[in-house]
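K.L.:
Those letters in the sequence shown? Residues -21 to -1, 1 to 321, per mature numbering (1 follows the signal peptide of the UniProt record, and there is no 0), in order.
Keep in mind that the hints are not guaranteed to be accurate.
[Unchecked claim] Straight-line Cα separation of at most 16 Å, EDC-like style, residue types lysine to aspartate or glutamate; simulated pairs: (1) Lys126 with Glu170; (2) Lys172 with Asp210; (3) Lys88 with Glu107; (4) Lys102 with Asp87; (5) Lys219 with Glu208; (6) Lys167 with Glu208; (7) Lys102 with Glu170; (8) Lys212 with Glu246; (9) Lys266 with Glu246; (10) Lys88 with Asp111.
[Said to hold, decoys possible] Listed next, with one range per pair, are the computed distances between beta-carbon atoms: (11) Glu286 with Thr24: 19 to 29 Å; (12) Leu267 with Val244: 13 to 23 Å; (13) Arg272 with Gln321: 42 to 52 Å; (14) His264 with Arg67: 35 to 45 Å.
In case anyone wonders, no lab produced these hints; they're calculated from the structure.
We put the CB at the ideal spot given by N, CA and C, even for glycine.
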Amino acid sequence: MDTNIIQFFLLFLANFDHVLTHGCHLVTSNKPISCMDLHATPFITSATSTFGRFIEGTSTNRRGHMFAVNYGNSSTLNTYGQFFPQIRPFYLDPRTNSQLHGMRFLNDKTALVIDSANHRVLKLSLTENQNDFPIVLNSTVFCAPTKPEAMMEPNDLTLSRSGTVFTSGMMFTTFPHNREGDVWSCLKNGEAKRLELIGRTNGIDLSFDETRLYISEGTPSGQQIWVYEVDVKTGTVSGKRPFAFFEYPADSAQSIVIDGMRTDVHENLWVTRYGGGEVVVFNQHGKLTGRVRVSFPNPTNMEFGGENGTTLFIVGQCEGADAGCVDSLQVATPGRSWTNLQ
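Let the hints inform the model, and build the full structure from the sequences given.
P.N.:
What follows is the structure, encoded as structure tokens:
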């Protein structure tokens, strides 16, 4: 028998034995399953959804309650809704031309929300009702560039423990080009500054130890994830280096792109693949360690929530429907955002 065939067969047996013995370290299931063959479970379907197809900006508060943009229908882009443990409206921006995207909770009293149409980050002042659900008291502008047109959108944000905001933005075109995206930081005093002008950016998150910033970039050749050294006190980045890369399909359709990204407390980076119907997982060294199939083709974002911060909720347009869907997966490690709020 050919030596290469024997080596391949032995490697297959070793991997299969590891799966049978250890299972997947990313999830809590005791079943012998490979990390490269995980499947999320439908949580909200087109039949039960009260969200439009532009559902995005998944976020969690300290209690593990879950929120997303586009509550209502596909024309209500200025709304946020709660979808766990109860489905209800959360925030309606008074500017009807607002297009809300990412949101992060700083604490029980404050959440920060992206308004891409008006190139600003909003601060929501919060309280809680008798059911411990957050209620928005008012909203103010947290930060915006002196010249709004200088900022592309923004599209998503991440938040340090101390309250420094980092945003990603883009000018969306069918085929990405260089310098279609930017990265900004907003300090606690509202000072906004552009850090980078690159290709089309989308996913963004900090590492759990807040020493690295991950940013996705769409280029003419593929989808790149960069990692920067970051100083959250000054809101600056340095030491840009490649972290992961996805080539476009051979037909150049460029139909599978990186969308929202999230980190967990073990420094794994979870990445939605819009058009690919999946979430992929990288360890902190850039090695692909997991793959999660979802029930719809276009996942847009995700966040860890639930009682222990170990339920991964993934959102996106329901297949063949003008509605937003949610899948869930029980994982072994809580997310960064939920943990920072405890």
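K.L.:
Next step is simple, just say for each hint if it's right about the structure.
P.N.:
Against the structure, the hints:
1. Lys126 with Glu170: This hinted pair holds, its Cα atoms lying about 13 Å apart.
2. Lys172 with Asp210: Answer holds: Lys172 to Asp210 is near 14 Å, not above 16 Å.
3. Lys88 with Glu107: holds, 9 Å
4. Lys102 with Asp87: Measuring from Cα to Cα gives roughly 13 Å; hence the hint holds.
5. Lys219 with Glu208: holds, 7 Å
6. Lys167 with Glu208: Since the Cα atoms of Lys167 and Glu208 sit roughly 20 Å apart, the hinted pair is violated (cutoff 16 Å).
7. Lys102 with Glu170: Within the cut-off at roughly 14 Å; holds.
8. Lys212 with Glu246: Violated - the C-alpha atoms of Glu246 and Lys212 are around 20 Å apart, more than 16 Å.
9. Lys266 with Glu246: holds, 12 Å
10. Lys88 with Asp111: holds, 12 Å
11. Glu286 with Thr24: 19 to 29 Å: holds, 23 Å
12. Leu267 with Val244: 13 to 23 Å: holds, 20 Å
13. Arg272 with Gln321: 42 to 52 Å: About 30 Å separates the Cβ atoms of Arg272 and Gln321, which means 42 to 52 Å is violated.
14. His264 with Arg67: 35 to 45 Å: holds, 41 Å
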